[in-house]
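Student: What follows is the residue order along each chain.
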Amino acid sequence: VKIAQIVVATALALMLLTWLVQRSTSSQSGTAQLAINALDRMSTAEGALHRDLLRARAGILNNYDPLVAEVNATRDGIPRLRALVQGDPAVGAAVDRLAATIDLQEESTERIKSSNALLRNSLAYFRLFSAQLTASSHDLELARRIGGLTAAMLHLTLDTAPDVIDEVDQELRAISPESVSPEGLSPKDLSPEDAATVRALLAHAGLLRRLLPAIDHALKALFALPVQQQQ
Amino acid sequence: MAALVILFLLSPSFAAPPVPTSAAGDDEPIAPIQAPVVAEPLKAALGERLFRDPRLSRDNSRSCNTCHDLDTNGATSNVREPALGGGTLTLNTPTVFNAAANFRLNWAGGFRSLEAQAAASIESPRTMGARLPEIVAKLAADPAFAHDFEEAYGHEPDATSLIDALASFERTLITPGSRFDRWLGGDATALSPEELKGYRLFKSLGCVSCHQGVNIGGNLFQRHGIFHPLASPEPEILRVPSLRNVATTAPYFHDGSAADLGEAVERMAYAQLNASLEREQVEDIAAFLRTLTGTFRGRPVRPAP
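Note that the protein sequences, when read in sequence, are chains A and B.
Sequential numbering of the first sequence, starting at 14, is according to the working numbering.
Sequential numbering of the second sequence, starting at 135, is according to the working numbering.
By construction, these hints were calculated from the structure, which means they are not laboratory data.
Each residue gets a CB set at the ideal place from its N, CA and C atoms; glycine is no exception.
Mixed in with the good hints, there may be bad ones.
Stated by the list, open to error - For each label pair, taking beta carbons as the anchor points, the in silico distance ranges come out as:
{"hint": "1", "chain 1": "A", "residue 1": "Arg54", "chain 2": "B", "residue 2": "Pro259", "range": "37 to 45 Å"}
{"hint": "2", "chain 1": "B", "residue 1": "Thr294", "chain 2": "A", "residue 2": "Asp176", "range": "56 to 64 Å"}
{"hint": "3", "chain 1": "A", "residue 1": "Ser149", "chain 2": "B", "residue 2": "Ala393", "range": "34 to 42 Å"}
{"hint": "4", "chain 1": "B", "residue 1": "Ala278", "chain 2": "A", "residue 2": "Asp53", "range": "42 to 50 Å"}
{"hint": "5", "chain 1": "A", "residue 1": "Arg223", "chain 2": "B", "residue 2": "Glu368", "range": "17 to 25 Å"}
{"hint": "6", "chain 1": "B", "residue 1": "Ser391", "chain 2": "A", "residue 2": "Leu67", "range": "32 to 40 Å"}
{"hint": "7", "chain 1": "B", "residue 1": "Pro170", "chain 2": "A", "residue 2": "Ser149", "range": "51 to 59 Å"}
{"hint": "8", "chain 1": "A", "residue 1": "Asp229", "chain 2": "B", "residue 2": "Pro259", "range": "40 to 48 Å"}
{"hint": "9", "chain 1": "A", "residue 1": "Leu47", "chain 2": "B", "residue 2": "Asp292", "range": "22 to 30 Å"}
{"hint": "10", "chain 1": "A", "residue 1": "Gly100", "chain 2": "B", "residue 2": "Glu284", "range": "33 to 41 Å"}
{"hint": "11", "chain 1": "A", "residue 1": "Ala112", "chain 2": "B", "residue 2": "Ile371", "range": "17 to 25 Å"}
Claimed, not checked - Counterexamples of contact, computed for chain A against chain B with all Cβ distances above 10 Å:
{"hint": "12", "residue": "Gly43"}
{"hint": "13", "residue": "Asn50"}
{"hint": "14", "residue": "Ser56"}
{"hint": "15", "residue": "Leu67"}
{"hint": "16", "residue": "Pro92"}
{"hint": "17", "residue": "Arg95"}
{"hint": "18", "residue": "Asp101"}
{"hint": "19", "residue": "Ile115"}
{"hint": "20", "residue": "Asp152"}
{"hint": "21", "residue": "Leu167"}
{"hint": "22", "residue": "His168"}
{"hint": "23", "residue": "Asp172"}
{"hint": "24", "residue": "Pro226"}
Said to hold, decoys possible - Partial list, derived from the structure: chain A residues whose beta carbon lies under 10 Å from chain B:
{"hint": "25", "residue": "Tyr77"}
{"hint": "26", "residue": "Val81"}
{"hint": "27", "residue": "Ala130"}
Modelling step: build the complete structure from the supplied sequences, incorporating the hints.
Tutor: So, in structure tokens, the structure goes:
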């Protein structure tokens, strides 16, 4: 699918470039320049969007307003291009294709924003609850298992490969008070306070286990979109 | 159920990064909102007359201002507004103040522009129930409106200009000057110690992950009921509401099911963060939220009766 996308994107890029070259050497060079300017602005906005999504994931963008502005800037270029290529159905189709890819980019951006907001919170609460359990519990076995889960989750923040997800799943099963696995902790092994904190920890750990790979996947898919090629 | 309630203990190690006590730092997640620049005052003035005119509804019974009272909170205090033809609307009506600063409009974020939202509300059978051509005909028969359209747009009333005028006016419905904005601007005396404590909690508990930016929300979608049910299940995904003027806009949530600010804070923390807040934490956060009330035309935004 990816190869097909790139082939299509390259063909569309060639079509747009051919159109721009033809226009730039004709009486319509002004139109071509306006189209190039619109594509430039879209390209700049897309670069900023990619940068800011990574900043958001890294926790150094604490406000999503720039992402909104960048998405809007990429979208704003489409009506301008449509107006400029009126009367040329083939190039118009290329612009339609670019618009569809920008729609996909926006959908991915919104999913990443929503998931990232939850991710930041669950990372913070996971750290809070694991630290509480490690510091306050007198249960050495519980502390050992919390340490194992924390290490696996740290690994997942760095690498969301399937084997690392399996590692987290294994640690989650080992610590779950409701676990049916022979190696799971039994509820009677835990004080009521520890059991409540373990449940809170597991709720956030479960969300992290889902969100960390999902955001990685969404970011990779968004960066692979052939927006640049289609310009 | 009690066993599911999580004892939320705020450890010293979980405290937010220190918030300066004298003024905001440069990297605050919330930015002050600026007074609007009215680029085309004739269009905005016409938009205000239209906003307050009941002829925009099918039976001339209600104007935009009926459900978005500009003299109080830009909404009403109703859980759900009466619908045209009986019954009530499905969702609580959000305030129109600062709606222009939201990236999408309405609870589900189904509209990208003020123009699209205004046209949809006018033509919704349950809200205004009118047809734009019918309204245009009514307005064209009114010499005063015909004159105002001519002055603002250079031609007689038409649907495009009508919607444009409404949107132009709505872009002026911004409420700057809240105490929190003054604090962000460097006025160290604008917030009390309790309110600052509430802001620190707002950040450290995670409320700020969604409620950030110039509108303190309004710039992303989020699922509700992440850990526990929050309110009515539909719509499943909401455009995060702005918290500007939130102390004046009870009842809360898309179904209007939270009667006051404390209840809303408590339920949000439990549903979205899996955190059971202590009474004092709720009060501190509510104290912070009360500093988000801005002014409209020089007067503080106030709750609807």
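Student: Taking the hints in turn, state whether each one holds.
Tutor: Tested hints:
1. A:Arg54 x B:Pro259: 37 to 45 Å: Holds - the Cβ-Cβ distance for arginine 54 (chain A) and proline 259 (chain B), about 41 Å, lies within 37 to 45 Å.
2. B:Thr294 x A:Asp176: 56 to 64 Å: holds, 59 Å
3. A:Ser149 x B:Ala393: 34 to 42 Å: Cβ of serine 149 (chain A) to Cβ of alanine 393 (chain B): about 37 Å, so the range 34 to 42 Å holds.
4. B:Ala278 x A:Asp53: 42 to 50 Å: Holds: the Cβ-Cβ distance is about 47 Å, inside 42 to 50 Å.
5. A:Arg223 x B:Glu368: 17 to 25 Å: holds, 23 Å
6. B:Ser391 x A:Leu67: 32 to 40 Å: holds, 38 Å
7. B:Pro170 x A:Ser149: 51 to 59 Å: The hint (51 to 59 Å, Cβ to Cβ) holds, given that proline 170 (chain B) and serine 149 (chain A) are roughly 52 Å apart.
8. A:Asp229 x B:Pro259: 40 to 48 Å: 45 Å Cβ-Cβ, so the 40 to 48 Å window holds.
9. A:Leu47 x B:Asp292: 22 to 30 Å: Hint holds: Cβ distance 29 Å, inside 22 to 30 Å.
10. A:Gly100 x B:Glu284: 33 to 41 Å: Once the Cβ atoms are compared, 35 Å apart, the range 33 to 41 Å for glutamate 284 (chain B) and glycine 100 (chain A) holds.
11. A:Ala112 x B:Ile371: 17 to 25 Å: Hint holds: Cβ distance 23 Å, inside 17 to 25 Å.
12. Gly43: Per Cβ check, glycine 43 (chain A) is outside 10 Å of chain B; nearest 28 Å; holds.
13. Asn50: holds, 24 Å
14. Ser56: Holds, since 22 Å exceeds 10 Å.
15. Leu67: Label holds. Min Cβ-Cβ 17 Å, cutoff 10 Å.
16. Pro92: holds, 13 Å
17. Arg95: holds, 17 Å
18. Asp101: It holds; aspartate 101 (chain A) is separated from chain B by about 27 Å at its closest Cβ, greater than 10 Å.
19. Ile115: Holds, since 14 Å exceeds 10 Å.
20. Asp152: holds, 17 Å
21. Leu167: Since the minimum Cβ distance to chain B is about 17 Å, leucine 167 (chain A) lies beyond 10 Å and the statement holds.
22. His168: holds, 22 Å
23. Asp172: holds, 24 Å
24. Pro226: holds, 18 Å
25. Tyr77: holds, 5 Å
26. Val81: holds, 5 Å
27. Ala130: holds, 4 Å
The structure shown violates none of the earlier numbered hints.
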